[in-house]
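Residue numbers (UniProt numbering), protein chains in the order written: chain U, 1 to 339; chain C, 1 to 379; chain Z, 1 to 306.
By construction, these hints were calculated from the structure, which means they are not laboratory data.
We put the beta carbon where it would ideally sit given N, CA and C, even for glycine.
Check the hints yourself; a few may be wrong.
[As the list claims (entries may be wrong)] To be clear about the criterion: a stretch of chain Z counts as covered by chain C if any three or more of its residues have a C-beta under 8 angstroms from a C-beta of chain C, and this derived list gives those stretches: (1) 126-136; (2) 211-217.
[What the hints assert, rightly or not] One-sided excerpt, in silico: chain Z residues whose CB lies under 8 angstroms from chain C: (3) Leu5; (4) Thr59; (5) Glu109; (6) Leu261; (7) Lys297.
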Amino acid sequence: MRREAIFNTALWLGLLAYPVWAWLGDEPYQITLATRVAILALAGVGLNIALGLGGLVSLGHAMFFGIGGYAAGILASHAQSYTPLYDGAFTIEGTQNMLVIWLVAVVAAGLVALVTGALSLRTSGVYFIMITLAFGQMFYYFTISWPAYGGEDGLSIYVRNWFPGLNTLDPLTFFLICFSILSLALLLSWRIAGSAFGLALNAARQNEDRVRAVGIEPYRLRLVAFVISGAITGLAGALYADLNRFVSPTMFSWQLSGEIMVFVILGGVARLFGPVAGAALFILLEEVLGGVSDYWHIWLGVLLLIVVLFARGGLIGLIAGQGTGQATGQRKRAGGADD
Amino acid sequence: MEFKHLMLAACTAALCGGAALAENVKVGMITTLSGGGAGLGIDTRDGFMLAVKQAGRDDLEVVIEDDQRKPDMAVQLADKMIQQEKVDVLTGIVWSNLAMAVVPAAVAQGKFYLSTNAAPSALAGRGCNPLYFSVSYQNDNLHEAAGAYMRDAGYKAPFILAPNYPAGKDSLTGFKRFFEGTPKDEIYTKLGQTDYSAELAQIRASGADSVFFFLPGGMGISFLKQYQASGLDLPLVGPAFSFDQGILQAVGDAALGVKNTSQWSKDIDNAANKAFVDGFQAEYGRLPSLYAAQGYDTANLLISAMDKADVSDKAAFQAALEAADFPSVRGKFSFGANHHPVQDIYVREVVQEGDVLTNKIVGFAIKDRADAYVGECKM
Amino acid sequence: MSAALFIEQVFNGLQFGVMLFLMSAGLTLIFGVMGLINLAHGALYMVGAFAAAAVSAATGSFLLALMGALAASAVAGVLVEVIVIRRLYARDHLDQVLATFALILIFSEGTRWVFGSFPLYLDVPAALAGPVMLPFGIAYPAYRLAIIGIGLVVAAALFFLIAGTRVGMRIRAGESDREMIGALGVNISALYTGVFALGAALAGFAGALVGAIQSVQVGMGEPVLILAFVTIVIGGIGSIRGAFVGALLVGLTDTLGRVLLPILFSAVMEPSAAATVGGALASMAIYILMALVLLFKPTGLYGGAA
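Using the sequences and the hints given, assemble the complete structure.
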């Protein structure tokens, strides 16, 4: 536990120090990379609430990432073309204000999570994995074939959205915005894990009947967790749109859902900083291996296999050892019933 | 890199301002080298690098990266090329959706972008830019040519189909622009669809006299094989993408005799094309594709501009590119006002040569075609 | 739309359904017996198609190509089972999802490394090329009829294997209580390797059969994987009968959706827009079907308790 705390602190400081170092050395691309890590880690922190605490293996989290991204893209494109989003009984204008965009992204992703979660959580086990995948695919095909916002071509945000009082075009400033949000999300995630809600959720993951016996309905707990999880991932999507100044249907693809899950696992499931470690490692591998071979996905696959088979706590598990008590120790057998 | 940077700064500040000293040009190529669409990117890269090698230039440096056909990866690589590698020119993207993600931001940051393939309408009309050049075509061109060919060949009621995504819609719009008549029916298929039995039944029942289809990559392979097996014998016409050298062998006999439209073919008779086709086969041991030809032309265009101007002098370099003073494998080649090609588009037929399938020119579809968007472009 | 065309489209839907059953049989078998969720199923499908294309190019015989596909995918299956999968039976689904996701990466790029980046050629055998005439004046590709026949045979054989043979008995016993069957002296480890190899061989076999009328290229397995999952989830994971019914339902929904939705919308909007909107909805139809089925039957049509 102590070792994990030290590692987390070092990771947090490292992620903060790296872009500052890059800024001093005039290497803006390294700042962009660090920003990418922060945003993808944020998406992972979102998933980790459902996956680590709630035991909800969602293969559809790209759906929330995409909704957040399109919230940013659609609002910004309307603001740039000075056309209102809705012009009927009242008028809704687009905006490039990040604060408004974030709010819309969080609310939209949360609402979608509420609806899809309410439906998906009626199932469990593999069926849950698959129905979340199906919802993600629905959004994917919808955005590809719906012409209003660019279809498969996606939507460009030509100038990064603005934040009151800051110059978001400056890479370091934008990194610090993303990093602050990531830190807040980590704090929130930590508070949730320690709260009565988090404990009940964790208990429901381990033994549903016992939780029900004390009068708590696991379905509601999970639904709340799923909504929070989706909202955080949606916020990450909005930031990602601003990082790339572009959104496209690939933000909804099931491969991206898989990758977000990979971040969480590489770092360590249900570890507070698991997604941060995982996203950092993933981006590092992509940069290093991508330069070595055209076929680098093979090596990524092999490494992932090794982690799953032999290093079950992920990176943090390797460094800090097992036994945070949250999930890694006593994961249940898949053999009999799934629940 | 720091050193070179300093040296350039010193150079411009002090004496050597006006003299066209051989200044190094750094090119960033972002293309698809892994996953399902890798064949197209590999051909683009190989064609481009062949021209660089043949020119024997040591003042041209090329950095190549794999976009995995993901728009966000392409954006990230463009950032890397611009921020870290400090390239002067970007090129190489195969897919329109990736180009839309990269090009507007790249030219906004003052980089030249030379397109080796993708040329969406948004970048040809109101979104045109002085630093953006398409060396391939405008996306609608080959579809327009197919429409023109089918009109001239006397087809009255074609059945037309394309995937349900922006390029698919542009395709059918482009086709109708030149076909002028009313198609018998038009349908949009699912992107990535692999089974076409329902569509083939619709075609058979429709009473159409011909079929125009735009189904790039694996979709086209599946469609052609299933078309042949269905016993339908209406004449098929399509743009070159489903009949490209890279996939013809996989389609097999089903493609034989099919007419397709292209601005390039390996049997165009000129010295540049001969040097390209022979050189490509000698270097890589396979026949070149359309994408390789476009990559090759792009590199030669760039080299021709390097001979005339310094890349740091944007206006002069732009003018040098606009002159298009290079031997194109297509023969006649010039740029329109929106920096898209004005060129002839051919009708080709798939034929068998020995045991390989390839294309042979059978005539012109449209001559000196620019594009439909040039009027909207205000540079 | 004429009645004959409608009948033909229904038939097309059923035919696509049988094709889907072939694609998903191995997946549901492996899940049913070992409780393993195998995302690499699509990769094995691809291995089969590439092996068939290679053998067909070398020998010119489609029959040998099918054998090659069966052999290659079965061998790949055994290797994967022994090296990776057998460590995952006792793990939760999350680990299985990840490990098999990693296998997709390895197989896809490995295949590209071996065979190059261009699609391969694989054609139907000459005897089955071209159409035959069916009632109602429908000309139907002979090869597709053959696929229907093979699909039905595979379905029957799997039913018989599970319900009527000694091996099937063990499989069913292992499904319900793996410790007990191990204690009774059945070599459960070999049994599982065998079942996994069979599932892999079925995937590869489907890849070769379907590859002949589609495109043999890297990444061809991923859409198949998703379709196969939709199919077996609707049917109830682990149930062969469920996979069969699910496949027919998905095949009909997808085909008729593609055909009917644009026509439906053209009643209220102009043709080009109707084609767009209808097409958009049609591409989502099977996922909507899956969501609806799971709403009313959370474990699929023929699934037991999840």
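**Report entry** Hints the structure fails to honour
**Finding:** 4, 6, 7
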